[in-house]
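Asker: Given next are the chains, with one letter for each unit.
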Amino acid sequence: MSVDAAELKRRTAELLAAHPPADTAPADFLTARFAAGLAWVHYPVGLGGLDAPRALQAVVDAELAAAGAPDNDPRRIGIGLGMAAPTLLAHGTEEQQRRYLEPLWTGAEVWCQLFSEPGAGSDLAALGTRAVREGDDWIVNGQKVWTSSAHVARWAILIARTDPDVPKHAGITYFVCDMTDPGVEVRPLRQITGEAEFNEVFLTDVRIPDSRRLGAVGDGWRVAQTTLNNERVAIGGMRLPREGGMIGPVATAWRERPELRTHDLHQRLLKLWVDAEVARLTGERLRQQLAVGQPGPEGAGMKLGFARLNQEISGLEVELLGAEGLLYDDWTMRRPDKVDFTGRDAGYRYLRAKGNSIEGGTSEILLNIVAERVLGLPAEPRTDKDVAWKDLAR
Amino acid sequence: MSAQPDLLYSEEEEALRAAVRDLLTDRCDPAGVIARTESDAPHDLGAWKALADGMGLAGLLIPEDDGGQGATHREAAVVLEELGRSVAPVPYLTSAVVATEALLACGDRELLGRLATGRAIGALAVPLHLAPDVAFPAVRVERGLLHGQLTGIADASCADLLLVPGDDGGLYAVEADAATVTPQVSLDLTRPLATVTLDAAPGRRLGDARPAVERALRAGAGLLASEQLGLAEWSLTETVRYLKDRKQFNRPVGGFQALKHRLAQLWLETVNLRATARNAASALASATDANTDTDIAVAVAQSYAAPAAVHAAEEALQLHAGIGMTWEHPVHLHLKRAKADSLAYGTAGAHRARLAALVDLPSP
Ligand SMILES: Cc1cc2nc3c(=O)[nH]c(=O)nc-3n(C[C@H](O)[C@H](O)[C@H](O)COP(=O)(O)OP(=O)(O)OC[C@H]3O[C@@H](n4cnc5c(N)ncnc54)[C@H](O)[C@@H]3O)c2cc1C
Chain E
1 MSVDAAELKR RTAELLAAHP PADTAPADFL TARFAAGLAW VHYPVGLGGL DAPRALQAVV
61 DAELAAAGAP DNDPRRIGIG LGMAAPTLLA HGTEEQQRRY LEPLWTGAEV WCQLFSEPGA
121 GSDLAALGTR AVREGDDWIV NGQKVWTSSA HVARWAILIA RTDPDVPKHA GITYFVCDMT
181 DPGVEVRPLR QITGEAEFNE VFLTDVRIPD SRRLGAVGDG WRVAQTTLNN ERVAIGGMRL
241 PREGGMIGPV ATAWRERPEL RTHDLHQRLL KLWVDAEVAR LTGERLRQQL AVGQPGPEGA
301 GMKLGFARLN QEISGLEVEL LGAEGLLYDD WTMRRPDKVD FTGRDAGYRY LRAKGNSIEG
361 GTSEILLNIV AERVLGLPAE PRTDKDVAWK DLAR
Chain C
1 MSAQPDLLYS EEEEALRAAV RDLLTDRCDP AGVIARTESD APHDLGAWKA LADGMGLAGL
61 LIPEDDGGQG ATHREAAVVL EELGRSVAPV PYLTSAVVAT EALLACGDRE LLGRLATGRA
121 IGALAVPLHL APDVAFPAVR VERGLLHGQL TGIADASCAD LLLVPGDDGG LYAVEADAAT
181 VTPQVSLDLT RPLATVTLDA APGRRLGDAR PAVERALRAG AGLLASEQLG LAEWSLTETV
241 RYLKDRKQFN RPVGGFQALK HRLAQLWLET VNLRATARNA ASALASATDA NTDTDIAVAV
301 AQSYAAPAAV HAAEEALQLH AGIGMTWEHP VHLHLKRAKA DSLAYGTAGA HRARLAALVD
361 LPSP
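Chains as they are written, first to last, in the numbering used here: chain E, 1 to 394; chain C, 1 to 364.
For the record, the hints were derived by calculation from the structure and aren't laboratory data.
It is possible that some hints are incorrect.
Said to hold, decoys possible - DSSO-like, lysine-lysine: derived pairs with alpha carbons at most 30 Å apart:
id, chain 1, residue 1, chain 2, residue 2
1, C, Lys339, E, Lys271
2, C, Lys336, C, Lys247
3, C, Lys49, C, Lys339
4, C, Lys244, C, Lys336
5, C, Lys336, E, Lys271
6, E, Lys354, E, Lys271
7, C, Lys339, C, Lys244
8, E, Lys385, C, Lys49
9, C, Lys49, C, Lys336
10, E, Lys385, C, Lys247
11, E, Lys354, E, Lys338
To be verified - Some chain E residues well away from chain C (every beta-carbon gap over 12 Å; in silico):
id, residue
12, Ala27
13, Gly68
14, Asp205
15, Glu277
16, Gly301
Stated by the list, open to error - Computed Cβ-Cβ distance ranges for the label pairs, DEER-style:
id, chain 1, residue 1, chain 2, residue 2, range
17, C, Asp199, E, Ala291, 58 to 68 Å
18, E, Asp51, C, Gly46, 49 to 59 Å
19, C, Gln149, E, Arg255, 52 to 62 Å
20, C, Glu314, E, Arg130, 49 to 59 Å
21, E, Gly322, C, Val134, 32 to 42 Å
22, E, Gly322, C, Glu314, 52 to 62 Å
23, E, Ala90, C, Arg119, 51 to 61 Å
24, E, Thr342, C, Asp360, 20 to 30 Å
25, E, Glu94, C, Asp360, 50 to 60 Å
26, C, Gly46, E, Glu7, 47 to 57 Å
27, C, Asp360, E, Ala13, 44 to 54 Å
Cβ atoms here follow ideal geometry from the backbone N, Cα and C, with glycine treated the same way.
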């Protein structure tokens, strides 16, 4: 019998009684919460969950928030939570799951994603980073780029080419890479906001033990689909209260500063307020659907909507602020320890939101995915289908 | 904020959908609906009888004690999705939702009982384009007799019972044969409008008009989003089907990226529309009379649904191109309904203006 809402409330109360948030160090509280199976309730027992319906996580979260319990700051560990964890759950060995999931969830270990390369962005399966087997290890060489949070990450999910003689999708293998290993070099890559949230990562003769392979040799593309589908939901499908996203600061400014109001802005604000509320409801509906399965290509829709909305709202916000909108808070080159879409001021939000339609698959690619995999429309003509990766033009 | 609304469909709701869709596939095929629009009787009273009486759907919102099914707006919304998909010319929204809600507000058990069986069709005599919170016209009441004219009344031409606001603030029940109902030539061929003329017509006062009309139009606006969802879904599905089939330049035109992206965009709008329509239906199902959250849910749904449904139907026409421009292809029925729906029970702009007050984003 699966655990129901009442049982989860009981267990949450038990956790709070044994570890009162006021007198417990946040890290200890999070560890205890994981052990109690209240981290992600739909995960298996022993891995931070209770095999409960995914939708019931909300019950636990609400109780804990009301009690002032510490959270694990999803903005800091978003890649671990949103992408690495579901991939480990679906494709990892039990040993891997036991090793990685707890520190991932408590935030003790941050994860990053070594997928994109200078020559392989949208066409991710064209990647050229090589992994060559040597005894029990794989020797990895190559360059990754735009790697968010690599500078604070302990682990990375990595895809590399293990067989150049087969077509590009077939010769890829999926690994967990230790970012502290010799041969891993992380260099900041400054972005349009002034800060360096992402990086270039150079991999030179990095040794990865075969025990850190995720899925079968050559099956990395399929494993990566789990990551990518979850990434789109993680980026676009967050649970928010009404006015919880980018629309919040705009609505607040509108209420508090009547001198900024114009009729034109009013019309645009109301339209975007509605769009934000609609996106929130769509996310809620998606989560209710997910409660019964893994995300499919539908998650692409959430990300598409999220990107457009964030860009339109943050654009409006800069305009609404008038003279202040012409200013920027800080151009200093910094290396933030978290990915923060909504932080800082309106100018930052406007610039950072431009990445929302690029990271995790560009909007053009996501529209292709919806058209082909959801609507079943014919695929783009392909010239690379039966060609070995090594024979492709690059 | 209250508990998260259930935005999915239950198994019973899916079963209801399947039954309604079966019936409509048999009875409201596109060619039949088009032929009917050119006849003297644009409403399909046979299909109505099968839905209302045969399946008991006219009484979904009416309590069992009053002869109805005692179901909720969530079930009525599923029926409306299917009716929207097939642009069925039946007075479901106007009678089983809007007129019914007005009677529920007045608590008139006798008339509710008549509407519940579907043997009588009701129409609220308020112009279709009015939003729930605006002033509506009323007729003169003199010694219990009603005098005056009301135009733009949806489905009045097939109604047995008219619910008419009087200038004394009351809502009156008037038997249709005591009134003169003149059809207007309407943009929407499947939900035609009519003028109602009352010349000393006897009416029975049911209660206060304002709260009854407001409640009726709020439910109408909220559930209209489900009809719009059905329209948008049909437009998308038919267009995807056609573009997979239709070849130009030696390949299916649906393989051209410019078109794929437009269809993916429509899909996204339809997904959004579904979430808002479900939210509005759920909110109405659990609403008390004065409930801001329900008002917000309805206003959000109508702000989003109308342009989304029109966009879907317009894209369907453009992407069907020449064939879409013909009278024999049903896309024009959907476009006309979608455009008329975008005015019904208040435009998106009117609902955004309502929202401004509801969520405290005042105009300059
Ligand atoms: C803020 C940010 C953070 C990121 N973080 C990470 C990270 O942590 N880890 C990681 O691995 N990667 C990360 N990325 C990289 C991101 O995934 C890629 O930038 C993205 O996949 C696009 O690849 P590209 O930049 O090479 O663009 P390209 O693939 O070169 O695309 C150029 C243009 O062509 C369009 N295009 C390409 N192919 C098609 C097609 N078939 N049809 C239509 N249009 C097409 C694209 O949409 C785009 O507009 C990040 C990117 C950003 C902006």
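Asker: Against the earlier hints, flag every one the structure doesn't satisfy and list their numbers going up.
Answerer: 8, 15, 16, 19, 22, 27
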